[in-house]
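Colleague: For reference, the chains in residue letters:
Number of protein chains: 2
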Amino acid sequence: MSAYSDLSAHFDRVAALSNAIGILQWDSDAMMPKGAADTRAESMAFLRVTHHSMITDARIGDWIAAAEADNTLDSWERANVREIARHFDVETALPADLVEASSKAVSKCEMAWRRAREESDFAGLLPYLSEVLRLQREMGRAKGEKLGLSTYDALLNDYEPGGRSERIDALFDDLAGFLPGFTAEVLEAQARRPAVAAPEGPFPVEAQRALGVEMMKVVGFDFERGRLDVSTHPFCGGADHDVRITTRYDEADFTKALMGVLHETGHALYEQGRPKDYIAQPVGQARSMSVHESQSLLMEMQACRSREFIAFAAPRMRHAFGGAGAAWEADALERLYTKVERGFIRVDADEVTYPAHVILRYRLEKALIADAMSLADLPGAWAEGMKELLGVVPPSDRLGCLQDIHWPSGGWGYFPTYTLGAMTAAQLFDAATRANGDVLPGIARGDFRPLLSWLRANVHSKGSLLETDELLTEATGRPLDAEVFKAHLKRRYGTGATLQ
Amino acid sequence: MSAYSDLSAHFDRVAALSNAIGILQWDSDAMMPKGAADTRAESMAFLRVTHHSMITDARIGDWIAAAEADNTLDSWERANVREIARHFDVETALPADLVEASSKAVSKCEMAWRRAREESDFAGLLPYLSEVLRLQREMGRAKGEKLGLSTYDALLNDYEPGGRSERIDALFDDLAGFLPGFTAEVLEAQARRPAVAAPEGPFPVEAQRALGVEMMKVVGFDFERGRLDVSTHPFCGGADHDVRITTRYDEADFTKALMGVLHETGHALYEQGRPKDYIAQPVGQARSMSVHESQSLLMEMQACRSREFIAFAAPRMRHAFGGAGAAWEADALERLYTKVERGFIRVDADEVTYPAHVILRYRLEKALIADAMSLADLPGAWAEGMKELLGVVPPSDRLGCLQDIHWPSGGWGYFPTYTLGAMTAAQLFDAATRANGDVLPGIARGDFRPLLSWLRANVHSKGSLLETDELLTEATGRPLDAEVFKAHLKRRYGTGATLQ
Numbered sequence: 003m004s005a006y007s008d009l010s011a012h013f014d015r016v017a018a019l020s021n022a023i024g025i026l027q028w029d030s031d032a033m034m035p036k037g038a039a040d041t042r043a044e045s046m047a048f049l050r051v052t053h054h055s056m057i058t059d060a061r062i063g064d065w066i067a068a069a070e071a072d073n074t075l076d077s078w079e080r081a082n083v084r085e086i087a088r089h090f091d092v093e094t095a096l097p098a099d100l101v102e103a104s105s106k107a108v109s110k111c112e113m114a115w116r117r118a119r120e121e122s123d124f125a126g127l128l129p130y131l132s133e134v135l136r137l138q139r140e141m142g143r144a145k146g147e148k149l150g151l152s153t154y155d156a157l158l159n160d161y162e163p164g165g166r167s168e169r170i171d172a173l174f175d176d177l178a179g180f181l182p183g184f185t186a187e188v189l190e191a192q193a194r195r196p197a198v199a200a201p202e203g204p205f206p207v208e209a210q211r212a213l214g215v216e217m218m219k220v221v222g223f224d225f226e227r228g229r230l231d232v233s234t235h236p237f238c239g240g241a242d243h244d245v246r247i248t249t250r251y252d253e254a255d256f257t258k259a260l261m262g263v264l265h266e267t268g269h270a271l272y273e274q275g276r277p278k279d280y281i282a283q284p285v286g287q288a289r290s291m292s293v294h295e296s297q298s299l300l301m302e303m304q305a306c307r308s309r310e311f312i313a314f315a316a317p318r319m320r321h322a323f324g325g326a327g328a329a330w331e332a333d334a335l336e337r338l339y340t341k342v343e344r345g346f347i348r349v350d351a352d353e354v355t356y357p358a359h360v361i362l363r364y365r366l367e368k369a370l371i372a373d374a375m376s377l378a379d380l381p382g383a384w385a386e387g388m389k390e391l392l393g394v395v396p397p398s399d400r401l402g403c404l405q406d407i408h409w410p411s412g413g414w415g416y417f418p419t420y421t422l423g424a425m426t427a428a429q430l431f432d433a434a435t436r437a438n439g440d441v442l443p444g445i446a447r448g449d450f451r452p453l454l455s456w457l458r459a460n461v462h463s464k465g466s467l468l469e470t471d472e473l474l475t476e477a478t479g480r481p482l483d484a485e486v487f488k489a490h491l492k493r494r495y496g497t498g499a500t501l502q
Numbered sequence: 003m004s005a006y007s008d009l010s011a012h013f014d015r016v017a018a019l020s021n022a023i024g025i026l027q028w029d030s031d032a033m034m035p036k037g038a039a040d041t042r043a044e045s046m047a048f049l050r051v052t053h054h055s056m057i058t059d060a061r062i063g064d065w066i067a068a069a070e071a072d073n074t075l076d077s078w079e080r081a082n083v084r085e086i087a088r089h090f091d092v093e094t095a096l097p098a099d100l101v102e103a104s105s106k107a108v109s110k111c112e113m114a115w116r117r118a119r120e121e122s123d124f125a126g127l128l129p130y131l132s133e134v135l136r137l138q139r140e141m142g143r144a145k146g147e148k149l150g151l152s153t154y155d156a157l158l159n160d161y162e163p164g165g166r167s168e169r170i171d172a173l174f175d176d177l178a179g180f181l182p183g184f185t186a187e188v189l190e191a192q193a194r195r196p197a198v199a200a201p202e203g204p205f206p207v208e209a210q211r212a213l214g215v216e217m218m219k220v221v222g223f224d225f226e227r228g229r230l231d232v233s234t235h236p237f238c239g240g241a242d243h244d245v246r247i248t249t250r251y252d253e254a255d256f257t258k259a260l261m262g263v264l265h266e267t268g269h270a271l272y273e274q275g276r277p278k279d280y281i282a283q284p285v286g287q288a289r290s291m292s293v294h295e296s297q298s299l300l301m302e303m304q305a306c307r308s309r310e311f312i313a314f315a316a317p318r319m320r321h322a323f324g325g326a327g328a329a330w331e332a333d334a335l336e337r338l339y340t341k342v343e344r345g346f347i348r349v350d351a352d353e354v355t356y357p358a359h360v361i362l363r364y365r366l367e368k369a370l371i372a373d374a375m376s377l378a379d380l381p382g383a384w385a386e387g388m389k390e391l392l393g394v395v396p397p398s399d400r401l402g403c404l405q406d407i408h409w410p411s412g413g414w415g416y417f418p419t420y421t422l423g424a425m426t427a428a429q430l431f432d433a434a435t436r437a438n439g440d441v442l443p444g445i446a447r448g449d450f451r452p453l454l455s456w457l458r459a460n461v462h463s464k465g466s467l468l469e470t471d472e473l474l475t476e477a478t479g480r481p482l483d484a485e486v487f488k489a490h491l492k493r494r495y496g497t498g499a500t501l502q
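Quick note, the sequences are listed as chains A and B, same order.
Its first residue numbered 3, the first sequence is counted upward by one per residue in this note's numbering.
Its first residue numbered 3, the second sequence is counted upward by one per residue in this note's numbering.
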């Protein structure tokens with residue numbers, strides 16, 4: 003056995019365990035009866051501790067060293083060793099007691115957050131969140147020292163390997179300069195148009211589900227290797243060859259669940275398209291959070307809110323719910339699906355105003371991690387940032403800095419990946435349509451094969467073979483910038499062809 | 003930390019893992035998309051190997067020795083040590099290579115069996131089944147040497163701790179002497195009665211499911227700690243505080259799924275009633291397979307095929323399916339639910355003929371394990387036994403010795419627990435009705451609390467505190483015999499009050 007084959011066999015076992023954890027996590031969110039929560043928590047803790055001890059196994063360091071010196075390895079194998087080393091460096095940078103302290107602080111803070119959000123009580127959350135922040139800083143510092151990164155970049159690196167805040171600053175400043183004026187312009191133009199009626203419900207859950215399944219099949223989801231279920235918070239999870247997405251249904255409004263399903267299907271297609279030969283190995287995993295989000299947003303925003311797709315889908319929506327009348331015409335549905343509004347809540351935001359929510363959070367978390375701002379000042383800074391970026395100020399912390407679970411649950415450094423994903427989606431979709439002239443006509447007739455085969459070849463099947471920048475450059479001819487995303491927004495929402 | 007607390011903490015971790023395995027097994031059977039089978043097999047193998055290494059951990063032997071000498075332990079703790087020692091002795095009796103060889107032989111044999119059953123090709127199965135049998139013998143011998151048991155009793159002991167074939171021989175001989183004549187008598191009496199019409203379908207799956215859920219609630223299933231789903235082969239599984247049963251629906255006949263659900267609910271009530279303080283420990287587990295089967299059969303056969311329950315359920319069945327007419331009257335439904343027939347297939351058998359199927363299998367497997375009969379002679383011996391015990395001879399091996407998966411899958415020593423369970427069910431139900439005069443009137447009005455509280459107190463909450471004989475003696479005043487079961491059959495099927 004070579005060191006590489008030892009390494010690879012070890013990570014096959016890690017994958018066997020990760021896949022079990024993935025299905026149990028899905029079960030916890032989609033199937034588990036309430037009374038089993040404590041029992042399940044014990045199982046998950048046991049499996050996660052086992053997982054952690056496997057990926058920090060002392061033998062891994064020696065195997066990596068020997069594999070790095072092995073010049074018989076091909077490019078996939080070399081990239082696999084690189085990815086294994088990347089994770090191993092991070093995981094072994096943290097002392098076990100710090101990991102445990104953080105895990106406990108997060109559990110307490112999440113509980114405190116649920117109550118604090120309910121009661122809009124930021125002061126009540128403050129001590130818990132301070133502790134989480136303190137430990138995040140400490141973990142970021144420990145990882146940063148090992149990796150030669152700033153504290154924030156070390157945290158970001160967990161979600162976006164190779165991501166750097168200097169680069170994100172430039173991209174987000176570019177967008178932040180463009181969006182407030184553009185948003186005002188779009189809102190004015192939309193206000194000038196006569197109001198459009200929305201289809202009236204109720205829309206039975208069974209019919210919504212059937213329509214969702216139909217559309218998942220249209221875009222290419224493989225039900226032999228996945229499922230659609232219901233959960234409070236929609237997600238894409240599961241295991242290798244077993245990709246499970248969830249949604250939630252509102253019988254008064256079918257449009258959210260349908261786009262939610264298409265969004266998660268975008269994530270799922272990435273998972274279902276990962277390289278078969280390396281599906282269990284680190285090099286076979288999705289490249290990064292921004293690339294993952296690019297796949298969901300490409301499907302939802304670029305492909306399925308397009309005029310072409312809505313024209314295809316409108317009669318199917320009518321048929322699913324027995325609808326009739328002007329509200330069910332493609333034009334009316336398209337306007338419904340591309341309505342822009344200044345809101346307080348990130349998850350309800352449209353694609354024009356969404357980046358403002360993200361840029362705000364990114365700037366704040368960076369300042370907080372760097373200790374350049376006190377956590378007690380967060381509500382004030384939030385209001386100020388919302389005013390500047392979106393032109394609205396939330397009337398309460400519940401609708402402001404208490405809305406997201408990310409910070410209480412220790413997800414610092416995650417937020418920027420949403421908007422990096424939106425920009426990546428625009429750039430990839432643009433490249434796909436230029437590479438294959440049948441992508442948009444295909445979508446118009448419900449044939450996603452031209453789009454999907456481009457994504458399979460250029461993104462999905464690459465796994466983590468390339469670094470994010472390389473991946474994007476190979477696929478689109480250049481690294482990420484804000485231009486294509488801005489052009490997309492202008493084309494869809496500007497005063498051009500879309501708005502008659 | 004005392005040795006006992008080390009032991010108990012260790013088995014809490016084992017339970018965390020077992021519970022994960024339980025949910026994943028449920029998922030494999032009820033949820034998993036086909037394409038995930040290989041991935042799931044990897045996960046299950048990994049978790050099972052981990053589980054095996056934990057329950058054979060070398061430290062356990064020392065902890066047991068120290069805990070056995072600890073006179074501060076209470077009766078539950080002492081029983082827990084006894085149960086842990088029981089499992090440890092068995093698990094460590096087997097050399098790892100024998101376990102692995104058996105596991106591989108079983109996998110191959112199960113595959114061969116699926117094909118062989120389809121094609122009624124016993125000769126094609128013979129080499130695979132011979133290998134499984136050879137390894138079962140070897141494992142039984144290894145365990146038997148350690149435990150001072152015969153080879154067959156050592157195998158039986160895995161399912162029925164403390165069970166002995168000498169005792170089963172006597173019980174089954176008693177039944178075998180009674181049943182052929184009794185069955186003939188019942189069939190004659192039933193033939194003399196005018197035919198009864200069955201309700202006509204279709205019976206939509208959703209309505210069947212709703213009726214099943216309604217009846218599960220009536221008998222006391224806790225949906226906060228369990229679920230009802232669909233699978234090809236109905237079972238009761240899941241985890242502590244998370245008991246999941248399954249059924250399958252036939253739109254042409256609702257009666258099977260309903261009784262199937264009530265049967266699995268009987269198993270589930272046992273699981274949901276295990277002692278909370280010891281739910282994760284060996285002493286908190288169900289006592290044995292015969293006691294488990296007694297709980298499903300008590301619910302299905304004793305309680306829910308009773309005249310009292312059917313009178314309560316009949317209007318609810320009518321309501322569920324919008325039925326009307328003579329076929330939906332309680333009398334007609336009762337006759338449907340207590341129809342006796344001589345059939346070839348065990349799983350389709352009624353409660354009068356079922357024991358014959360089991361006694362046949364028990365006698366044959368005992369002879370095969372003892373090498374007192376050649377496996378090649380199985381089809382002939384099967385036909386002979388069916389003739390003697392049931393008066394019918396299957397026209398093919400598919401309807402004969404190829405029908406069950408137990409032997410191909412290495413479940414030798416399991417079969418007798420079905421009929422031990424039926425006898426135990428009769429004895430327990432009889433004791434419950436004598437202890438509380440409201441048990442049967444309660445069932446007649448859909449109030450199962452009198453029955454359930456007796457079962458909780460006398461069976462469920464005991465876990466494995468007592469040996470099976472002690473449990474039954476404490477609950478019913480005597481160890482198991484065939485008398486109460488025979489009396490039950492005579493009362494329900496004989497020429498007395500039930501058959502007008």
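To be clear, the hints were calculated from the coordinates, so they are not data collected in a lab.
It cannot be assumed that every hint is accurate.
No distinction is drawn between identical chains; accordingly, a pair holds when it is met within one copy or between any pair of copies.
Derived BS3-like pairs (lysine-lysine); straight-line CA-CA distance at most 27 angstroms [said to hold, decoys possible]:
#1 Lys341 x Lys258
#2 Lys278 x Lys36
#3 Lys278 x Lys488
#4 Lys219 x Lys36
#5 Lys106 x Lys341
#6 Lys278 x Lys106
#7 Lys341 x Lys492
#8 Lys278 x Lys148
Colleague: Using 27 angstroms as the alpha carbon limit, work out where Lys219 and Lys36 are close: within a copy, between copies, both or neither.
Modeller: So Lys219 and Lys36 pass the 27 angstroms test across copies only (17 angstroms; inside, 32 angstroms).
Colleague: Give the relationship of Lys341 and Lys258 under a CA distance limit of 27 angstroms: within one copy only, between copies only, both, or neither.
Modeller: Cα proximity of Lys341 and Lys258: one copy only (13 angstroms, versus 53 angstroms across).
Colleague: Since the copies are identical, ignore which copy is meant and state whether Lys278 and Lys148 lie within 27 angstroms (CA to CA) inside a copy, between copies, both or neither.
Modeller: Answer is neither: 32 angstroms inside a copy and 47 angstroms across each miss the 27 angstroms cutoff.
Colleague: Could you place Lys341 and Lys492 in one of the four classes (within, between, both, neither) given a Cα distance threshold of 27 angstroms?
Modeller: Within one copy only: 14 angstroms inside a chain, 74 angstroms across chains, cut-off 27 angstroms.
Colleague: One pair to classify: Lys278 and Lys106, alpha carbons no more than 27 angstroms apart. Within, between, both, or neither?
Modeller: between (37 angstroms within a copy, 26 angstroms between copies)
Colleague: Is it within, between, both or neither when you check Lys106 against Lys341 at 27 angstroms Cα-Cα?
Modeller: This pair counts as neither: shortest intra-copy Cα distance 42 angstroms, inter-copy 60 angstroms.
Colleague: How would you label the pair Lys278, Lys488 (within, between, both, or neither) given a Cα cut-off of 27 angstroms?
Modeller: neither (35 angstroms within a copy, 60 angstroms between copies)
Colleague: How do Lys278 and Lys36 come out at 27 angstroms by Cα distance, when the copy is not named: within, between, both, or neither?
Modeller: between (36 angstroms within a copy, 16 angstroms between copies)
In this structure, the hints that do not hold are numbers 3, 5 and 8, in rising order.
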